[in-house]
Amino acid sequence: MLLTTFSDTLANALRTKLRRLLGNEPRIGERLEVHALNAVARRLYELNIGWPEVASRDVVRPLLKESAGKVDGQKSSLHFLTTEWEDVVEGLRESLSTGGNARLWLPSGVLEPPPDQC
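The opening position of the sequence shown corresponds to residue 185 in our numbering, with each subsequent residue numbered one higher.
Possibly wrong hints are sitting among the right ones.
Claimed, not checked - Subject to a maximum C-alpha distance of 20 Å in a straight line, what follows is the list of computed DMTMM-like cross-link-like pairs (lysine to aspartate or glutamate):
id : residue 1 : residue 2
1  : K249      : E270
2  : K249      : D271
3  : K249      : E217
4  : K254      : E237
5  : K259      : E270
6  : K249      : E230
7  : K201      : E217
8  : K249      : E268
Claimed, not checked - Derived DEER-like restraints, expressed as beta-carbon distance ranges:
id : residue 1 : residue 2 : range
9  : K259      : E209      : 26 to 32 Å
10 : R204      : R227      : 25 to 31 Å
11 : N208      : E270      : 46 to 52 Å
12 : T200      : H263      : 40 to 46 Å
Honestly, the hints are just simulated from the structure, not real lab data. Note that the Cβ used here is the ideal one computed from N, Cα and C, for glycine as well.
Assemble the whole structure, with the sequences as input and the hints as a guide.
What follows is the structure, given as structure tokens:
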């Protein structure tokens, strides 16, 4: 049985509580998997498509500029939008090295830098 939560922290807490709850029934615990939802999604992606490629700043920046240009009344600078993307959307970059999944990942070749950026 697969149990999912929204974060690694919650998954770890749930695992701990399940071990306590199932202390006298260890065989039931052997049939349970507890993971953060993003970890399950990444595992399925890797099994079905392959290792995800992370969109680089050179890919993201022109897309932010183009998208911002399509929004009436949008006054934020490209620097601000890029910083927000990196801090909010990408989140904690270091989490990749610890098994987290904080950055946008795309199938190979979905987004390539615009020709003038190559």
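message: Tell me if the straight-line CA distance from K201 to E217 falls inside 20 Å.
response: holds (13 Å)
- request: Take the C-alpha atoms of K249 and E270, compute the straight-line distance between them, and say whether it is at most 20 Å.
  value: Within the cut-off at roughly 14 Å; holds.
Supplied distance hint 26 to 32 Å, evaluated on CB atoms of K259 and E209: violated (60 Å)
- request: Using the beta carbons of N208 and E270, state whether their distance is inside 46 to 52 Å or not.
  value: holds (48 Å)
- request: Given the range 25 to 31 Å, decide if the beta-carbon distance of R204 to R227 lies inside it.
  value: holds (26 Å)
query: Do T200 and H263 keep their Cβ atoms within the hinted range of 40 to 46 Å?
result: holds (43 Å)
field: K259 paired with E270 [C-alpha distance capped at 20 Å]
entry: Roughly 19 Å between the alpha carbons, so the hint for K259 and E270 holds.
task: Please work out if K249 and E230 have their alpha carbons no farther apart than 20 Å.
output: violated (30 Å)
query: Does E237 lie within 20 Å of K254 when you go C-alpha to C-alpha?
result: violated (27 Å)
message: Does E217 sit within 20 Å of K249, going by the straight-line distance between their CA atoms?
response: With Cα atoms ~42 Å apart, K249 and E217 exceed 20 Å; violated.
message: Between the alpha carbons of K249 and E268, is the straight-line distance 20 Å or under?
response: Holds, because 13 Å separates the two Cα atoms, which is no more than 20 Å.
query: Are the Cα positions of K249 and D271 separated by 20 Å at most?
result: holds (17 Å)
Of the numbered hints stated above, those contradicted by the structure are hints 3, 4, 6, 9, listed in ascending order.
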